[in-house]
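Enquirer: Please build the complete structure, drawing on both the sequences and the hints.
Protein sequence lines, in the order shown, are assigned to chains C and S. Going by the numbering used here, the first sequence runs without a break in its numbering and finishes at 76. Going by the numbering used here, the second sequence runs without a break in its numbering and finishes at 410.
By construction, these hints were calculated from the structure, which means they are not laboratory data. Even glycine gets a Cβ: it sits at the ideal position worked out from N, Cα and C. Misleading hints may appear alongside valid ones.
Stated by the list, open to error - 16 angstroms max Cα-Cα, derived EDC-like pairs, lysine to aspartate or glutamate:
1) 11/C x 140/S
2) 15/C x 140/S
3) 352/S x 365/S
4) 150/S x 19/C
5) 11/C x 22/C
6) 53/C x 22/C
7) 16/C x 141/S
8) 16/C x 140/S
9) 237/S x 294/S
10) 302/S x 171/S
11) 15/C x 365/S
12) 397/S x 360/S
13) 150/S x 140/S
Said to hold, decoys possible - Derived DEER-like restraints, expressed as beta-carbon distance ranges:
14) 33/C x 164/S: 56 to 64 angstroms
15) 33/S x 75/C: 34 to 42 angstroms
16) 44/C x 120/S: 26 to 34 angstroms
17) 51/C x 119/S: 28 to 36 angstroms
18) 267/S x 35/C: 53 to 61 angstroms
Each chain, letter by letter, is given below.
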Amino acid sequence: MKVTANKDTFKKMEDNIDLDFSEVLEGVRSIDEVGNEVLEEIVRIANGKRTKAEVYGFGFTETVMSRICDYV
Amino acid sequence: MKFHGYKRIDGKIGVRNHTLILPTVACANETCRIIAENLPEAVSLVNQNGCGEVEGNRQITQKVLSGLAANPNVFGTLMIGLGCELNQAEEMSRIIRSKTNKPLEVLLIQEEGGTLNTINKGIRIAQDLIRQASSCQRELFDISHLTVGVECGGSDSTSGLVANPVIGRVSDLLIDLGGTVMFSETTEIIGAEHLLAQRAASPEVSNKIFEIVNRRESYLRGVGEDLRSGQPSPGNKAGGLSTIEEKSLGCIHKGGTRPIMEILDYASDTKKKGLVIMDTPGYDVLSVTAKVAGGCQLIIFTTGRGNPIGNPIAPVVKVTANKDTFNKMKDNIDLDFSEVLEGVRSIEEVGNEVLEEIVRIANGKRTKAEVYGQRLQVGAS
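Expert: Spelled out as structure tokens, the structure:
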């Protein structure tokens, strides 16, 4: 689930970003208020509601893991 | 001997005519994959790197990605960046431009407004590149324009006895005709380095062979890895290879018997013709990627236990002398040399035929991995 507080970015990349917090940046809403709502949204997503990335089927090539050394 | 290839505007000769959709960073992988899935004639690859890297690793990422774009099998590249990554598309473009003047287009996901907009625009740009590529015609070139990478993976006792010697015969033939053969996998030279050093074309090359083996062995010892006891892999041991020295003695056969002209750094272009060695780890996907980034147009891959890998840019011809493996993994393995193991046919006879098959593949005949569409498999150190 991807979130941003940058309104321009949200508008430009609406297909990729799930939630827009720009109203907090603009002083219209508080961090606590929006935070409470996000928790409810997280529960809905845990219950099965799909994120945008899930609906579009993104993720197949997005696994990366750390190495402590070059390969053998 | 000649083959039909594509002449690129940078003067190199390709055996395939790909339009490459190249991600600068892992965040651009999915956008590239989806663009390539919508265009059957485009290829893409999975890039695990491009951000969160130390300077030395960033340079490796840039070297490999630019080498892949510059490979003669690529007509042109559509590079996709995210925008905020360490491996900036602008710098990548400059590096690619320093290696080749082939068509290069760039899109940034953050500038285009997300994945869907980038896919939409990217498909149109790639479509145009593919139509330009499709007007290139194959022409006849001397076989000396071929650089073939030789790789072995999933080795067993049949690899060193037959599959690698047959490919060694092909290497010798190709080199005698003026071509270039590149082998790599430094960790699979360990224990046989003194034999290769005897074939070095100069004292510098001989010293460098010992140097790359020592460097890799002591580097790995630094993280607690004793190669001489940790290798061969469990599958190699089950296949009858007892020690890394035994594995190495079999491995080096695939390079044939001609003088070693040059030792290349990881993913570097060869300057010499003839037999060259690239310093890479033995991990097959990674080693094949490095050789393709270093300009190999075609890879011959010997196996005993069986291996399924392909490559998005270069055809990978897989061969085995283990009849059971061939029968078990027929969908993955192109050629069966088991008649040599059975004593029915000779290494020379089969080697001569394989060279002809390699020319057919260079001319356009598809490997099994190509037909099945294995188009995303690469790896970088």
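Enquirer: Kindly confirm whether 56 to 64 angstroms is satisfied by the beta carbon distance between residue 33/C and residue 164/S.
Expert: At 57 angstroms between Cβs, range holds.
Enquirer: Need the status of pair residue 16/C, residue 140/S: alpha-carbon distance at most 16 angstroms?
Expert: It holds: about 8 angstroms lies between the C-alpha atoms, which stays within 16 angstroms.
Enquirer: Using the Cβ atoms, figure out if residue 44/C sits within 26 to 34 angstroms of residue 120/S.
Expert: 43 angstroms, violated
Enquirer: Between residue 53/C and residue 22/C, does the CA-CA distance stay at or below 16 angstroms?
Expert: Answer holds: residue 53/C to residue 22/C is near 12 angstroms, not above 16 angstroms.
Enquirer: Is 53 to 61 angstroms a correct range for the gap between the Cβ atoms of residue 267/S and residue 35/C?
Expert: For residue 267/S and residue 35/C the Cβ distance comes to about 59 angstroms; the hint holds.
Enquirer: Checking one constraint from the list: CA of residue 397/S to CA of residue 360/S, max 16 angstroms. Satisfied?
Expert: Distance ~7 angstroms between residue 397/S and residue 360/S Cα, so the pair holds.
Enquirer: Using the Cβ atoms, figure out if residue 51/C sits within 28 to 36 angstroms of residue 119/S.
Expert: Check failed, 43 angstroms falls outside 28 to 36 angstroms.
Enquirer: Run the distance test for residue 15/C versus residue 140/S: straight-line Cα separation, threshold 16 angstroms.
Expert: The given pair, whose Cα atoms are some 12 angstroms apart, holds under the 16 angstroms limit.
Enquirer: Does residue 365/S lie within 16 angstroms of residue 352/S when you go C-alpha to C-alpha?
Expert: 7 angstroms, holds
Enquirer: Please work out if residue 16/C and residue 141/S have their alpha carbons no farther apart than 16 angstroms.
Expert: 8 angstroms, holds
Enquirer: Look at the Cβ atoms of residue 33/S and residue 75/C and judge whether their distance stays inside 34 to 42 angstroms.
Expert: 36 angstroms, holds
Enquirer: Does residue 140/S sit within 16 angstroms of residue 11/C, going by the straight-line distance between their CA atoms?
Expert: 15 angstroms, holds
Checked against the numbered hints given earlier, this structure breaks hints 11, 16, 17; the rest are met.
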